[in-house]
Structures are given as structure tokens and as C-alpha cells.
Amino acid sequence: MLIVRNIRITRILKNTWQVDIIMLITCSLVYFFHNEFVKYHIEIPAIVPTVMGTAIAFFIGFNNNQAYDRWWEARKIWGAIVNDSRSWARSVMSYVQQGNDGAAIAPVQQRLVYRHLAFLYALKAALRGADTNGYTRYLTDDEAEHIRSYTNTHNILLQWQSRDLKMLLANNSIDGFRFIQMDSLLTKFSDEMGMSERIKKTVFPTTYSYLTKVFIWIFVVAIAFVTSQTMGPWSIFISWLLSFIFVSTQINGMSLVDPFENNVAGIPLNQITRNIEIDLLQMLGEEDIPAPITPVNGEYVL
Amino acid sequence: MLIVRNIRITRILKNTWQVDIIMLITCSLVYFFHNEFVKYHIEIPAIVPTVMGTAIAFFIGFNNNQAYDRWWEARKIWGAIVNDSRSWARSVMSYVQQGNDGAAIAPVQQRLVYRHLAFLYALKAALRGADTNGYTRYLTDDEAEHIRSYTNTHNILLQWQSRDLKMLLANNSIDGFRFIQMDSLLTKFSDEMGMSERIKKTVFPTTYSYLTKVFIWIFVVAIAFVTSQTMGPWSIFISWLLSFIFVSTQINGMSLVDPFENNVAGIPLNQITRNIEIDLLQMLGEEDIPAPITPVNGEYVL
Amino acid sequence: MLIVRNIRITRILKNTWQVDIIMLITCSLVYFFHNEFVKYHIEIPAIVPTVMGTAIAFFIGFNNNQAYDRWWEARKIWGAIVNDSRSWARSVMSYVQQGNDGAAIAPVQQRLVYRHLAFLYALKAALRGADTNGYTRYLTDDEAEHIRSYTNTHNILLQWQSRDLKMLLANNSIDGFRFIQMDSLLTKFSDEMGMSERIKKTVFPTTYSYLTKVFIWIFVVAIAFVTSQTMGPWSIFISWLLSFIFVSTQINGMSLVDPFENNVAGIPLNQITRNIEIDLLQMLGEEDIPAPITPVNGEYVL
Amino acid sequence: MLIVRNIRITRILKNTWQVDIIMLITCSLVYFFHNEFVKYHIEIPAIVPTVMGTAIAFFIGFNNNQAYDRWWEARKIWGAIVNDSRSWARSVMSYVQQGNDGAAIAPVQQRLVYRHLAFLYALKAALRGADTNGYTRYLTDDEAEHIRSYTNTHNILLQWQSRDLKMLLANNSIDGFRFIQMDSLLTKFSDEMGMSERIKKTVFPTTYSYLTKVFIWIFVVAIAFVTSQTMGPWSIFISWLLSFIFVSTQINGMSLVDPFENNVAGIPLNQITRNIEIDLLQMLGEEDIPAPITPVNGEYVL
Amino acid sequence: MLIVRNIRITRILKNTWQVDIIMLITCSLVYFFHNEFVKYHIEIPAIVPTVMGTAIAFFIGFNNNQAYDRWWEARKIWGAIVNDSRSWARSVMSYVQQGNDGAAIAPVQQRLVYRHLAFLYALKAALRGADTNGYTRYLTDDEAEHIRSYTNTHNILLQWQSRDLKMLLANNSIDGFRFIQMDSLLTKFSDEMGMSERIKKTVFPTTYSYLTKVFIWIFVVAIAFVTSQTMGPWSIFISWLLSFIFVSTQINGMSLVDPFENNVAGIPLNQITRNIEIDLLQMLGEEDIPAPITPVNGEYVL
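Those protein sequence lines, which keep their order, are chains A, B, C, D and E. So the working numbering is basically just the index in the first sequence, starting at one, shifted up by 1133. So the working numbering is basically just the index in the second sequence, starting at one, shifted up by 1133. So the working numbering is basically just the index in the third sequence, starting at one, shifted up by 1133. So the working numbering is basically just the index in the fourth sequence, starting at one, shifted up by 1133. So the working numbering is basically just the index in the fifth sequence, starting at one, shifted up by 1133.
In short, the hints are calculated from the structure, not lab data. Be careful, since some hints might not be right.
Reference excerpt, derived from the structure (chain E facing chain A, CB under 8 Å, subset only) [claimed, not checked]:
(1) 1184
(2) 1195
(3) 1351
Once the Cα atoms are required to be at most 27 Å apart in a straight line, the calculated BS3-like pairs of lysine-lysine come out as [to be verified]:
(4) B/1209 to A/1334
(5) E/1321 to D/1209
(6) C/1321 to B/1299
(7) A/1299 to A/1321
For clarity, every value in this text was computed on a predicted model and none was experimentally measured. Here a beta-carbon is modelled for each residue, glycine too, at the ideal position from N, C-alpha and C.
Throw the hints in and build the complete structure from the sequences for me.
Right under this line is the structure:
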């Protein structure tokens, strides 16, 4: 996520320079083609690129709207994960009490909170598609060993939480009311996990973005033709400028459709996960708290 | 669901070649008609197709927006089915315990999870309108025999789950709190089933899509007339190009209004159902796990 | 609800022929007025109808969007009624058991399900404003007699369900947990009834649709003037064509704002209610099941 | 709320006549200024008002959309109040039973329902900012006396309901399950009260509506200049007509942003409250039922 | 939040004067550059700024829509905080009763309500980034001392409420049903806190607003060029006017994306918090009630 208000123009050009160059070449080719072969023979009326431009601006606008909605929905899901993680830790700290077996409760509380952190790191790794073993530091050696045989690790971790919760109830460490409340939190984590995966795995309808790209190219050619008729070589620059507006908006919108990617437009999962980690370790009363994630170049957080 | 970012232009032409040819013919007819009869007599001002084009771009944009919302709503419903299926299996595995009758719980757990898989396959078959007997492999022979007399099979399967749940409660295999929680999952499955059927059975207002098609044809004729006035035979190509933008966007949008169809734009029910199947069988500790659905041509999943 | 993809153009003309004729007359009057009095004196610049057309397309688009949302909300409410009706029957069949009074439970179950069907038919009749006595066939003679003294019949039927539920609890036919679950279903029916009535009774802001109509007429006159300047008598046809696009979209959108009307654009309450009736009677194990509603002319269902 | 489909044009002119006159004067001034000083010197290209008009149509469209959403949200809140009021009365009638003190339950039921009606009338009065003492007819003399010392009367009435509910529980007139259900209804009333107040007290961002007004005036001047160039004095009429489209749409949209005002566009709180009153008194079995609110001039209800 | 309907034009100019001046200078430079070097050589067709203007109006419209949604979501969250705070106080006053330890309940009630006020003031301070110690007046000296060692103060205050609630349950001051209800309120406060922080910390996608700004500058230059061709020096004024419409709408929209900032467009957190404070202190029966927040200059509240 970008955290600066004014981004350098170079960043935008860095994202679009390839398409910019191809567009300049295309505009030049259209200009020369028009100059050599078409001039004096046919004239494209201005209405053609006008109608095209209006329609394309529309379709890009709608695409961007839907892309933004996906991105904001992803952000909301992880906002809910933050809230529910705090509620989980608060419930673990406030409601778990010494049970029938007389065992100390501090290790139980630590295990339930640590395993939740492992769940978060495993989920983040699955969504980002990287760093897949970092979460084991919050598991016991046994658990870390055992979990290697599973692929869908974050799901198994939730199942273990569920199993422990049932044992706490049997042991009278929590009563029925607390059980319902904590069990519903596990269901929420399961739902939020599933919702994240839904956004991750559902490709934004390819035809939408692909057709828009095709239309923009058609528009580039049309506008280059029309401006060639009156502007001479300047038409190359002007056509590129108009196309740049469409292309950069389209690319910009599409950068939001995959909000869990590890790029500058994505949801800052590293930062969010770390903040939850800090909050939960503080609630456990731990000393050794990791530092918050710092922005890259003071420009964005991951 | 398409999973590639760049689709072949042939795919788009494959979807639109019929209408493309009819449009080219129409544009040609308009051109010749204009050339023979209209030229020098009347002139259509450019404003006519401009206003038409703007208005039609708008109406297509709104249609696409609503089509996308239907598609995304369908995807959310099946995302919720994924989450709730996992919660169902987790509840079955964690909460069902030996009851008063002293019977083993593993077969009970297997039956409840297997029957849920049968429910999913029956629901998928009903939504896709095909493959209607595949789900019986997750039923006992008795059940498979018995269910033949019903038409609304997925509804009956839910009713059987409800009946078993009541027996588990009577048998003390689950207590009242767990009963409420698992019963509410059955209600959720019932709701998600109903919501899928609502989208499946509610035709997107026909007048919307039909009128838009009529308007596009009016626009084709108007733009062909206007471009004929200045561009000669090239007007045929240019008019077709403009119409292509409208037609392909409209067709593309309409491909999303029936998200449960068994086509490349639909929600990948095969893949989602199989993934749930894999997750649930793993949670049961089964050995014989089916493979995930692989994309067709590396291009889309069904 | 229309169920065909391609509707006959005659249907659209049937909905708009009156306004079409008035528009043709208006365009003709403008043409002759322009020809006789205005020509050579003043010229309306093309920008006037262009700006008008863009603005009106916008306002129509927004109106249609809101009309569609109303329609889809109504459809969702009745989708929820389908789901909750099934849940009601499933609960009645699975949870009601022999109580302290030793009476048979089958008649009780039948009464609770029958009365729910009466509720649905009474609600449908109130929303459609017709067929108000059909629901009494699912009531006992006593109830049918007694209900005549009430105006808001569907509300009274819910109150009777509530009263019976309380008696079942007192009689130990259902326990506290089941009572809560079934009582919350009654609350849902009450909410869905209220939401249907809200849509039924809330007039879509009249000024919105009225102003749009006024604007379209202003546009017709303006475009007829402008095209008269260059096109001669053809301007009558062209102006009508442009206006037709606006008028038919507007009329089409407005046909969705009252989704409970008994017309081809409305939610098919007859079909939905009958489907629930079939499902619920099957769950009761009845023999004499009514047939589903068949489409009218194979074209739409009511 | 207007209840007629076709409103008299006079109503629209009544809402806009002041601005209409100012606009006609402005257009005339622009025309004369252009005629005397500008003509032959400079020419404003048509593109200027075209771009302005498109942009302004957009911004008005978005404003209207948000205004409509506010209005519909307000209507939904009061629809929920209707539903929950009926549920409250149904719960009071079905669940309250003779308690430990052996007192009759009819007066208790009447008090709980009457006080709810007082709450509704007090809330309506606060939202409408008028008629603040009508609600006391549903309070006992003691209560009516006591409540004078409070400002936020509707909040206090809810607190009294809460206090009574607690006494009913202590008295065994309702059991724990019923208490939870009825208490959650009180929370809903509190939420709906708060949501109504949120809409009432939150001013729609002034800059939005103000800027749009400023833009419309800029547009009026620009279009008057441009049409003056070709149309002579007719430009006054045409400019006013175009501006009328923008101004009346803007005024119309803004009439919805304050849905609780006591005007023709507002939510008909009088009608809704009276309907609840009728329903609830009927459920109590009262004889003396007030008549429904009748429309004013057959044109709108308040 | 602005509370006046007509804001002074000076306020708008105050927000935009810097950019206005830069724009006037830019337009002048373009005019002179065009006059000296470009005139008679090349002509930019009007279609270029037309298409640009339409596209930019679109993108600004979408941005504003999303900004408004953020602002309204923030307002809804704080509306929910108002409702839940009242429910909290109502629950504390109605449900807490003398427990096993025989201690007086008034101090307990006061502590629970006071600490909630401290929570609100701490949350407000964190969102506004100011006035961070005002909340301690609602804490005991011990608590105020103790809380200094924490950074995330509002989270700790919720944890203390949770701890006290558990003690009340153990002490039989509240029973299990009341515990669930009050505990769920604490979870709601935690969620609302998290949702506020999500909006506060999530930067609105910088590329959106930045690109829009870049596009507006491109548009300014283009429109200045085009108007220079026909209007002479007046093009400077006209270009600035057109740009002003875009720039002020864009700036206005962006003023809503950070709704918790301490500026005139923000949510009036001071006013809302104070109103809750007044309501809650009145419910406690206190004498010394602070006055409501008064608007600044009668123009806006903070």
C-alpha cells in the first residue's frame, strides 16, 4: 500500500513505459501510413474517436469501480481479522480459568494465542504465495513436525484450536457460554480465511480487462488517424497523451484486482499481521516484542 | 472461469463471429444504399450517432455492472458454502462424541460428512443441469435407492441431516449448545441452496438486454450512414469496428448473468466442489483423495 | 417475469405505441413549424441536444439502476421467504414431538404447515391486490370464519402461529432451544412481510420519473429542430428513433419499480408461492400435490 | 411522499420559479452583453459548454444517487421499525404470563404496548421537530409528569421499557429465553432510533451541493454566450431550458437528502406511525381505533 | 462537518487559491506559447479536450463516489458507537444488581460507564491524533497511573471492562444471559474501534487521486491550446474556469477520504463524543453535565 500522497511521476512511467513506447511507435506508424497512403483520399470523422472515447472511459470507469470494491472488500476482511484476533486474545486471557485437572492456565493461554499467530502467518503465506515456514516459530516442535504432512496448513491449525477448545470445556476451564462465544470466533476466522481465498482464487473476469485493452488500442489508432488529418507530426504526441490517460487508468485499476499480491498496491498483510502479533504478545505480557513493519523507501508498506 | 490474463483474440471472435458477419453485411448494405439513393439528398448530422453512442454506452455499462454483481453474488454464495462446509466437518469431527447407545462415532462422522458431499454434488448437478447421479457414491445403497423417488434431491438430503442431528441429540452424542450451532449450519446450507436457485431461476430482465441489442443495431445503421457521407467504402470497416466495441462488451456482460452455466465465464462449480471434497476427506483422515480439477487447455476451469 | 431471451418487437411496440405515435406527431409538428416559420431565421446549434441527450441518458441510467435494485431486493426477499418456509417445514417435521397431553403430532404438524401456506397466499393476495380468499382452503372452518373480522389477515395468521408455538412449548412438544429457533423463523416471516409491504407501499420518487419524462419531451423537440435544419422530412423519422431509445429505456426501467404488480415484469409470486406449496406438501407426505405454474404463452410467468 | 404518478407541472414550477426567473434574467443579461460588447470580437467554442455540461450532468447524477440512497436507507429504517413494533406487540401478547405476584397481565401488556406507541410518537416528533407533546396520551399521568424533566424523551422511554422487562423477569412473568428475545427488540429500537438521528443530524456534504449549484450557474452563462452567437434572442429561451434540466434535477435530488423533513418528498412518518398504532391497538383488542392518515389533496402523504 | 447550506465562495477559493493561481499562470503560458510559436502551424482538434474532459469527469465522479462511501461508512460506524454506548449504559443501569459480596452497586455502575467514556475519548484522541490525555478524567488515579505504560490505550480499557464483567458474573451481580448480552457489546466496541482504525490507517489508493491530478493538468493545457485558437486572451479565463470545475470537485471529493481528520469536512467526533457523554451522565443521574459542542462561527462543528 502506497502511503505517500504524491508519488513520483517516474513510478507511473515505470509501470507503463513498455506500453508507452509501443503506443508511441503505433502512433508514429499510423501517422506515416496516413501521410503516405491515406491523405486526401479518405477522412475519418471526429465522431468516431469521440464515441469510442466516451464508451471506453465508461467501461474503464466501471472496471475500476469493481476493482476498487474487490480491494476494499479484501481490506475489510483483514480489518475483521484484526478485530477478531484481539477478541480471541481477550477471551483467552479473561475467560480461561483453572480447570478440573488443576494444571496452570498460563501455558494454555500462551498456546491458544501462539497458535492463532501461527494461523495468521500461515494464512498470509498462502495468500502471498511465499515465506511458507515462518509460522512454525509459534508452534511446538511436535506440531511443527506434524503439520508438514498437510497442505492446507491454516485450516488444520483452526481444527486444532477447535479440538483444544472442546478439551477446555470438558475440563471445565471454560463454561458453556464462553465456549459458544469462542467457538463462534473460530467460525469467524474460518469464514475470513475462506473469504480471503475466494478473492485470491477468483480471477477478475478476464474478458473485461482484455476487451478494454483491445478497445484502447483501437482508440489509439483511430485518434492518431483523426489527429494526423490536421496536426501533422504533433499528432503522434497528442494521440499518445490521450491514450496514456486511458492506459494508465486501466493499469492502475487492474493493479487493485489482486489485493493480496506482494506489490505496492496490495493490502499490507506484512504490516497488519505484525501489528496483530505485537498487540497479542503485549496482551500475553511478553517482553520480546518485534518491531512494527517500516515502510519501504518511506513510500509504501507491504 | 477463465484463468489466463491474455485470452486469444480468436476466443472473442469465436463468440462474436456470427454477429460480426451480420454487422459487416449490414454496414455494406447501408453503404450501398446510401451511395445509390441517399447521397446528395439528405445528410444525417453527426450528433445523431453521437448522442446514440453515449446513451448506449451508458446502458451497456449499467447492464454490465448488474451482470457483474449477479456473478459476484453467486461467487460469494459458493464461497460461503466452502466456509460452512469446512465448519460442518470441523463440528462433526470435534463435537460428536460417543452417545448413550455406546456405538462407535467414526461411522457416524463419516456418514454426516459423506452425506454433505452428496448434498453438494446434487446441488451442483441441479444448478448445472447435468451429471445428476454422481452424488450417489456418497450415499449408502439404501439411501441411494430411497432418494430416487424424490425430485428435489438436495432438499431431501438436508432433511436427512436434520433428522440425524436430532437423533444425535436424543442419544447425547451432542449437547444442546452443539446442536444449535450445527443446526444453524444446516439452515445456512438451506439458505445458500435457496440463494443459488434464486439466481439460477430468475431471468435477468429480458427487456434490458433485448432493448440494448436493438439499440446497437440502430446505432450500427446510423453510424454507417454518417461515415458513408465522408469515408466511402472504408465506412463499412469503421462502422463495424465501432459496433464491435459495443457488441462485444454487451455479449461479454451478458455472459456473466447466468453464473451457474457450464461455460467458460461461469463460476467453477466443479473445481470448488472438488476442493471441498478434498478438504473434507482429509479432515476425515481418508487415504483415497481425488485430484483437484485441472484447467481445460490451461485456459479455464469449469 | 419474462422467461424468453428474445422478446418480440411487437411486445415493445405494444408497450410504447401510444407514446410512439404522439412522438411522431410531435416531430412532424416541429418539422412543419420549423419549415414554415423558423428556417433561415435562427439555427439551433447541435450542442444543445448533445448536452441534453448526455444528461438525460445519465438520469435515465441512474433511474434504471435504482429501479433494478428495487426489483432485485424484492426478489431477494421472496427468495428468503422460500428458504425460511422450507426451514419452517423442516423444523416442524423434525422437532415437534409428542407432548405431555399424549395427542398425535401429525395433525399438529399439518396445521402449522397449512397455516403457513395460508399466510403465504394471504400475503401474496395483499401484495398483488387480488384473489383475496384463496388462502382460506388451508385454514380450518373455524379459523376461516374467525379471520373475516380482520383486515390485516397475514399478520393475524402469524400471531396464531406464535400462539400455537407457545402452547407446544408449554406442552413439552418442543424444548426451549427449538422454541427459540422456530420463533426466530416467525420473526423472519414478519420481517419479510414488512419488507415486501415497504416496497409495495413506497412510491418511487415521482419527481424522478416525471422530470425524466418532461426532459425527454424537451429533447424530442430540440432534436427535431436541429435535424430539421439539414435533413428535411427525414428528420421526423430520425428524431423519433432517437427519442424511442430514451423513451423505451425509461418505460422499461419504470416497469421494474413496482415488482409486486401482476404484470410481465413483476416478480412471479404465483410461481414462487406454488413451488413452496409443492415442496411443503411433499414434506408433509401428501398425495394430492398441485401442478407447478406454467408460463403464459411460453413467454412469461406470473 | 408523493403518491401520484403524474404530478402537475405547476408543482415543479412552484419549486423552481425563483431560480427560473433569476436564470431567465441571467440569460437575458448575457445575451445583451454579448450583443453589445462581445459579438464579432471573440467566439466561445462549443466544446466549452459541452465539456461543462457532461461533467455537471455527471456530478448531479452522483449527488442524486447518494441522495436517493439516504432516502431509501431512512425508509428501510422505518420499515424495520414497523416490523419490530409488530414483533414487540406479538411478543408482549404471546409471552407475558401471570407472574409470582398473581397480578392480572392485561394491564401489563397494555402498558408495554402503549409506552411503545409513546416512544414512536416521541421519536417522530424529534425527527420532524414538531408536535412534541402528542405522545403523552399513551403514558400514565405519573409518567407524563415525570418525563417533562428530560430532553431526550424517546431514550428515557426505552429505558423504562428495559426496567419493566427486568421486573417481569424477576416476577417470572417471562422466562430467560423470552427475556433475551424481547431485550434484543429493545436494542433494535435503540439502534433504529440512533440510525434515524444519524441521518437527521448529518448534513449532506455542503460542498457537494454548493459546488454543483455554482457549476450550474457557470454553465448557464457559458451556454447563453455560445447560443447567443448563432440564435439571437432565442438563445435566452434555449439556455434557460437547458439550465432548467440541470437545476430541477439538482433541486429534486436535494429534496431527498433530508428524508425526515415534514415536506412532500419526505418519508411519510405520520402515515407509518399511525399504521403501527392501528395494528398494535387491534392486537390489544381495543375498540377505539384511529383512522389511517389520508393523503393531502389526494397528492401526497406526510 | 459543515452545517450551513450555503457556504461562502471565499471558503472554496481559500481551499483552491494556490492551485487557481498556478492554473491561471499555466493557461497564460500556454496562451503566449501558442500565440508566439504555434499559431498558423498546427491546430489541435476540439475532439482532444472533449474526450479528455469526458473521461476525466468520469474518473473524478468515481473517485468522489468512493470518497463519499468512505465518509458515510465512517459516519455509520460512529452512529453505531452512539447506539451501542447507550445500550451499554442501559444494560449497566438495568441489569447490574447487588452481588454476593453485598457491595453497593452505584459505584460499580459509575465505574463501568465512566470507563466507557474514557474509552471513547481515548479512541477519539487516537483517531484525531491529538488531545491524548483528556480521557484520564474518567479513570481512577490508579488506572490513570497504570495506563501510562501502554501505547494502545483504548484497547487496554476494553480489556479492563472485560475483566470487570467477568468479576460481576463471578459475584452474581449479573447472570449468564446478561453477561452474554453485555459481553457482545464489548465485542461490538472492539469491532467499531477496529473499523475506525481501518479507515484511518488505509490510505485511499494514491495512484487514483494522483493520476486524476495529472490528467487535470494535461486537460488544462489542452483546453488552453484549443481555446487559444479562437478566443484570444479570453482563453486564459475560460480555460481556468473549466479547470476550476474539475479541480474543485476533485479537491472536494478528496477532502472526504480521511473522515477522521480534525477539519471542516471530517466527521464531528468532538460533537458526537460529547453527546454520548451527556446522555450517559444523565442516565447515571449526575448533576454536573457538560454543555454540547457549539459550532465554530456557526459554520461547522468538529
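**Asked** Are there hints from earlier that the structure breaks, and if so, what are their numbers?
**Response** Those not satisfied: there are none.
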